[in-house]
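The numbering of the sequence shown is the numbering used here, which starts it at 4 and goes up by one.
Keep in mind the hints are simulated off the structure, nothing from the lab. Watch out, some of these pointers could steer you wrong.
Listed next, the in silico DSS-like pairs over lysine-lysine satisfying Cα-Cα at most 25 Å (straight line) [as the list claims (entries may be wrong)]: (1) Lys66 / Lys53; (2) Lys66 / Lys141; (3) Lys53 / Lys141.
Between beta-carbon pairs, the in silico distance windows are [as the list claims (entries may be wrong)]: (4) Ala65 / Glu182: 14 to 24 Å; (5) Leu167 / Ile144: 12 to 22 Å; (6) Ala82 / Glu153: 28 to 38 Å; (7) Asn88 / Asp26: 29 to 39 Å; (8) Ser39 / Glu80: 35 to 45 Å; (9) Glu153 / Glu178: 18 to 28 Å; (10) Ala106 / Gln185: 45 to 55 Å; (11) Pro113 / Ile144: 45 to 55 Å; (12) Pro113 / Leu167: 30 to 40 Å; (13) Val43 / Ser159: 38 to 48 Å; (14) Arg164 / Ala106: 33 to 43 Å; (15) Ala65 / Ile144: 44 to 54 Å; (16) Val43 / Glu102: 16 to 26 Å.
On a predicted model such as this, the values are computed, not experimentally measured, just so you know. Note that beta-carbon positions come from the ideal geometry of N, C-alpha and C, so glycine has one too.
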Amino acid sequence: MNQIALPFAWPAGENERDFIVTDANRLAVRHLEHRSLWPVMACVLIGPRKSGRSLLGRIFAAKAAATLIDNAERHDEEALFHAWNAAQASHVPLLMIAESTPAAWGIRLPDLRSRLLATPTVAIEEPDDELAARLIEKLLIARGLFPAPEVLRYLSPRIERSYLAIHRTVEAMDELSLERRQRITVPVARDVLAGLGTNDLD
4 MNQIALPFAW
14 PAGENERDFI
24 VTDANRLAVR
34 HLEHRSLWPV
44 MACVLIGPRK
54 SGRSLLGRIF
64 AAKAAATLID
74 NAERHDEEAL
84 FHAWNAAQAS
94 HVPLLMIAES
104 TPAAWGIRLP
114 DLRSRLLATP
124 TVAIEEPDDE
134 LAARLIEKLL
144 IARGLFPAPE
154 VLRYLSPRIE
164 RSYLAIHRTV
174 EAMDELSLER
184 RQRITVPVAR
194 DVLAGLGTND
204 LD
């Protein structure tokens with residue numbers, strides 16, 4: 004298994020091994036790594052649910068001594084405004100994590116809106132083939148299931164390319180494996196995909 008340390012010049016941390024870096028998130032990782040190049044002392048990190056955006060944010064906050072605001076689109080606007088200003092004054096980076104760009108937040112406070120629209124936004128994309136395969140393997144192993152290579156080869160081209168779908172598939176495989184009292188096999192994976200309505204390629 005080819006795991007998974009962030010390619011930062013930062014000391015290894017406990018949670019870094021849980022974050023898989025591929026082309027789907029490499030630009031986000033590099034942007035956080037090079038915070039000295041940010042035009043303002045703040046950044047918005049967006050990504051789909053279950054994409055690892057909060058984990059990446061926590062790793063960054065721990066290594067860069069940054070302020071972290073998760074679910075920023077639901078955060079109090081006055082508090083967000085003051086946090087943004089404080090980051091500029093103190094030169095302590097502020098990382099805001101959200102599911103969408105600030106333009107979609109419906110911000111009512113004009114001064115906050117103008118600041119956030121001037122703040123760089125970096126995105127984690129839906130999983131590519133490499134990330135999908137490695138994430139399936141990682142999630143199965145975390146549940147005590149050790150899939151054979153042929154199971155991963157079967158799943159990788161067939162599973163829906165979204166983090167939520169990958170999590171749902173792994174959970175369903177775990178449940179079916181327990182129900183049948185058997186290890187994860189290609190027939191188990193095939194039955195799970197059929198139950199989830201995923202088209203087979205065969």
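For each hint, the structure was consulted:
1. A C-alpha spacing of about 22 Å is found between Lys66 and Lys53, which places the hinted pair at or below 25 Å, so the restraint holds.
2. Distance hint between Lys66 and Lys141 is fulfilled; the C-alpha atoms sit about 24 Å from each other, no more than 25 Å.
3. Taking the CA atoms of Lys53 and Lys141, the gap is near 14 Å; set against the 25 Å cutoff, the hint holds.
4. In this structure the hint that Ala65 and Glu182 lie 14 to 24 Å apart at CB is violated, the actual value being about 40 Å.
5. Between Leu167 and Ile144 the beta carbon distance is about 20 Å. The supplied range of 12 to 22 Å therefore holds.
6. At roughly 51 Å, the beta carbons of Ala82 and Glu153 sit outside the given window of 28 to 38 Å.
7. Distance hint check: the CB atoms of Asn88 and Asp26 are about 35 Å apart, consistent with the given range 29 to 39 Å.
8. Between Ser39 and Glu80 the C-beta distance comes to about 28 Å, which lies outside the given range of 35 to 45 Å.
9. In this structure the supplied range 18 to 28 Å holds for Glu153 paired with Glu178, their Cβ-Cβ distance being about 21 Å.
10. Checked against the given bound of 45 to 55 Å, the beta carbons of Ala106 and Gln185, roughly 49 Å apart, stay inside it.
11. For the pair Pro113 and Ile144, the supplied restraint of 45 to 55 Å holds, since their beta-carbon distance comes to about 49 Å.
12. Separated by about 35 Å at the C-beta atoms, Pro113 and Leu167 satisfy the suggested range of 30 to 40 Å.
13. One distance hint, 38 to 48 Å for the beta-carbon pair Val43 and Ser159, holds here, with the actual separation near 40 Å.
14. The supplied range of 33 to 43 Å is broken by Arg164 and Ala106, whose beta-carbon atoms lie about 25 Å from each other.
15. Against the hinted window of 44 to 54 Å, the Cβ-Cβ separation of Ala65 and Ile144 comes to about 24 Å, which falls outside the hint.
16. A C-beta distance of roughly 22 Å is found between Val43 and Glu102, which places it inside the suggested range of 16 to 26 Å.
In summary, the structure is inconsistent with hints 4, 6, 8, 14, 15 from the numbered list given earlier, while agreeing with the others.
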